[in-house]
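There are 2 protein chains.
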Amino acid sequence: MVHLTALMLDTRLQELRAALEKNDLAGALAILQMLQPPDQADLLDELEPADQITLLPALQPAESADILEEMDDDRAAELVAALPTAAVVRIIDEMEPDEAADLLGDLEPAQARQVLAKLEDAKELRPLLLHADDSAGGLMTPEFLALRRRTSTADALDAIRAWQPKSDTLSDLFVIDGDGRLCGVVSMRQLIIAPPEALMIDIMDPDPVWVSVGTDQEACAQLMSHYSLLVLPVVNAAHELVGVITIDDVVDVLEAEATEDIQRLGGAEPLKRPYLDTPVLNIARKRISWLLLLFVTESLTGSVLRFFESELQAVVALSFFIPLLIGTGGNAGSQTTSTIIRALAVGDVRKRDALAAFWHELRVGLLLAAVMAVIAYGRALLWGTTPDLALAVAFSILAIIIWANSLGALLPLGAVALKIDPTVVSGPAMSTLVDATGLFIYFTIARLIIGL
Amino acid sequence: MVHLTALMLDTRLQELRAALEKNDLAGALAILQMLQPPDQADLLDELEPADQITLLPALQPAESADILEEMDDDRAAELVAALPTAAVVRIIDEMEPDEAADLLGDLEPAQARQVLAKLEDAKELRPLLLHADDSAGGLMTPEFLALRRRTSTADALDAIRAWQPKSDTLSDLFVIDGDGRLCGVVSMRQLIIAPPEALMIDIMDPDPVWVSVGTDQEACAQLMSHYSLLVLPVVNAAHELVGVITIDDVVDVLEAEATEDIQRLGGAEPLKRPYLDTPVLNIARKRISWLLLLFVTESLTGSVLRFFESELQAVVALSFFIPLLIGTGGNAGSQTTSTIIRALAVGDVRKRDALAAFWHELRVGLLLAAVMAVIAYGRALLWGTTPDLALAVAFSILAIIIWANSLGALLPLGAVALKIDPTVVSGPAMSTLVDATGLFIYFTIARLIIGL
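Line order of the protein sequences matches chains L and B.
Each residue of the first sequence is one higher than the last, beginning at 0 in numbering that gives the first Met the number 0.
Each residue of the second sequence is one higher than the last, beginning at 0 in numbering that gives the first Met the number 0.
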């Protein structure tokens with residue numbers, strides 16, 4: 000099997016479309032079968048729904064299952080919704096249980112019930128349907144091989160030989176006691192290196208890292224990344240081993256969480272599907288609420304300006320510096336929030352570091368403010384502004400940057416203290432807050448210095 | 000060994016500090032040795048340099064090596080720089096070669112040369128020092144077990160038993176031909192399941208996914224994530240297998256790349272070290288260049304306002320809407336860029352999708368602009384603005400949002416086409432560009448409608 004560059008993917012897509020146009024189903028299947036499932040999913044994604052519905056059930060159920068696992072969740076659910084139940088049952092029976100449970104959860108309840116009633120693995124799947132998609136329980140697969148403490152290495156290797164897992168991940172095996180409780184972990188390497196008669200209890204690490212079914216998926220991902228784990232065991236309230244989370248699922252979680260954070264920092268609610276697959280109306284809906292909220296907040300700038308109307312009328316030149324001052328404040332604030340929010344997300348700044356982080360940011364703000372004030376003073380004079388007004392501009396930028404940096408640090412740190420997702424303090428939210436307050440600072444300083 | 004919550008980490012840290020204050024080195028070591036290397040590194044990170052220098056060489060070289068591998072690169076280099084060469088040599092000899100090479104690269108050249116001259120594994124390390132840190136060659140470890148095509152399963156398992164790798168990752172093994180060229184991959188599971196006499200050539204997948212030494216680390220990470228690989232083979236120009244990249248290194252790369260993108264999107268150059276470890280002066284330096292560049296660009300707003308000075312003098316109320324209009328435009332633009340840039344980073348939008356993405360975003364812009372124009376019209380009237388000016392505000396917001404969304408899509412897509420990192424189009428850069436151009440749109444429309 001070959002892995003594809005974007006160019007090769009295009010060529011295959013053209014071949015596939017040509018075969019489908021000639022109604023050459025065998026030819027189309029042959030093209031698909033040369034590829035690996037992630038690329039098969041990418042190709043299928045580019046086809047018309049009618050062609051997808053023709054191709055998928057024509058493949059072996061195991062092949063179709065692999066493709067569905069690689070497809071975007073919503074796309075997979077849409078495709079499956081259009082297939083006959085019998086075909087769906089055959090395919091889902093071949094999927095990894097965690098992926099199958101996710102897919103069932105995305106189907107219409109009526110179809111999901113129909114399919115579940117006919118599945119071979121239904122008993123294994125039902126408990127998975129109870130867990131939230133974004134918890135350890137929703138991320139785990141219940142398909143694992145648990146060894147007993149008195150099992151010998153030779154018997155363990157035999158058990159692995161006899162076991163036919165759907166998944167290929169087998170780097171660590173877990174050891175349970177008579178009640179099914181997690182009590183150790185053995186790496187595949189230890190199994191192979193140890194003498195055949197060695198018992199699990201002698202070679203296992205008796206204190207594996209674990210999570211419970213309700214643990215948030217982001218916490219699972221950070222734990223696996225922190226301890227460089229390939230498999231993470233999941234236990235229930237009785238400490239019984241009920242599933243395992245594999246690293247490939249976690250890589251997807253980390254990527255999805257970073258995407259959400261970036262979209263939120265840009266001032267929009269995260270999209271649930273890839274950008275081009277999200278209808279225009281949905282994207283607009285994800286943005287309009289923030290845009291409106293910020294618009295209302297930004298209206299405050301109008302009130303501030305009306306409040307200082309007489310000053311503006313007296314010195315029109317005051318208005319020339321409005322966008323420059325509040326824009327620079329917004330930029331400084333946005334630099335700060337994005338840095339602090341990411342530091343919080345990756346654990347570089349923890350709750351107890353809040354004060355240290357604020358102090359750090361305040362000093363950065365002082366430094367930047369001092370430099371920018373000198374430059375702003377020079378720039379204003381170059382424009383032929385009166386020395387008084389130039390001085391007011393310089394002091395305003397000094398105060399606004401210090402204010403923006405303090406606010407940019409305080410708001411996300413405060414959000415975390417109140418257990419709110421700090422990404423609500425997006426770049427646009429920061430600029431908007433700094434705009435109204437920045438204007439107030441500017442006019443107050445101008446009034447004092449120019450003596451309006 | 001135990002994995003720690005933040006609270007437990009704090010308790011251990013207090014115990015550790017207490018032991019060190021009493022000069023109880025054995026006690027301090029005992030506390031450290033209860034923990035896993037990632038937590039040991041976290042604890043050590045919190046101590047004074049003098050204590051770090053006492054503790055690290057007092058541990059077994061293999062333990063110290065594990066800790067250094069988990070520490071932040073620059074912190075590890077600083078610590079090692081303060082240790083005697085003999086101790087450094089003992090520790091580095093126990094590190095994984097890819098980590099050792101990274102560390103040597105971060106030391107002063109004189110110290111690096113001294114250490115390298117005394118290392119046992121110097122021959123293995125030297126080639127690694129030639130590769131860029133952020134390429135496959137810099138990420139890989141040269142420590143792998145390559146099997147030959149005619150090796151039997153039984154012999155392969157014996158070879159694994161005889162091999163004592165420093166790393167624990169052993170999920171896939173690669174098969175090479177007589178010239179050392181990569182020709183297949185065998186999973187550990189296949190090795191265990193296959194009959195002892197089966198040959199590698201019969202059970203291997205003859206077409207593994209691979210990268211060459213010069214491949215960018217982000218591309219390696221995306222490939223491993225796309226194909227759910229735990230190990231990725233690295234080959235040189237002659238297709239000889241020269242190293243392997245493991246998934247735990249890639250998880251770190253994905254996280255670091257997302258951090259860089261987020262900091263850039265906030266309008267700052269990325270920090271090389273964790274936030275609180277970066278001196279205030281360095282953070283300020285990473286931000287001042289963008290802040291200045293945006294300041295100069297934002298100065299254009301002043302020129303636009305001067306150009307329309309007579310209109311401003313005639314209708315002071317015009318100025319009340321300035322921050323509202325350009326702020327909303329900046330927000331809409333920032334929503335767009337962050338979404339498009341992330342979609343580009345994760346491959347949801349590819350180069351060839353540029354036109355589709357632009358068309359998608361243009362329609363989103365039209366929709367948002369229409370809604371916001373109606374609301375802005377109502378808001379302006381409520382403020383007691385003249386109907387003419389309210390109409391001018393409504394049309395301006397319509398034009399500015401469509402303009403901001405188009406620009407927010409075009410700039411990152413254009414950057415990619417020109418092979419520039421699209422994150423240069425940060426949120427602040429977008430707002431700044433929209434500010435000056437938005438003002439021009441506003442005054443032009445106002446002049447037409449109000450007839451100034």
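Certain hints may be false.
One copy or any two copies: either way a pair holds, since identical chains are not told apart in the list.
[As the list claims (entries may be wrong)] Using 30 Å as the maximum straight-line C-alpha spacing, the simulated DSBU-like pairs for lysine-lysine come out as follows:
#1 Lys21 <-> Lys271
#2 Lys285 <-> Lys271
#3 Lys418 <-> Lys122
#4 Lys418 <-> Lys117
#5 Lys117 <-> Lys21
#6 Lys21 <-> Lys285
#7 Lys418 <-> Lys350
#8 Lys418 <-> Lys271
#9 Lys122 <-> Lys285
The set of hints was computed from the structure by calculation and includes no laboratory data.
Task: In rising order, the numbers of the hints this structure does not comply with - done: Hints 1, 3, 4, 5, 6 and 9 contradicted; others consistent.
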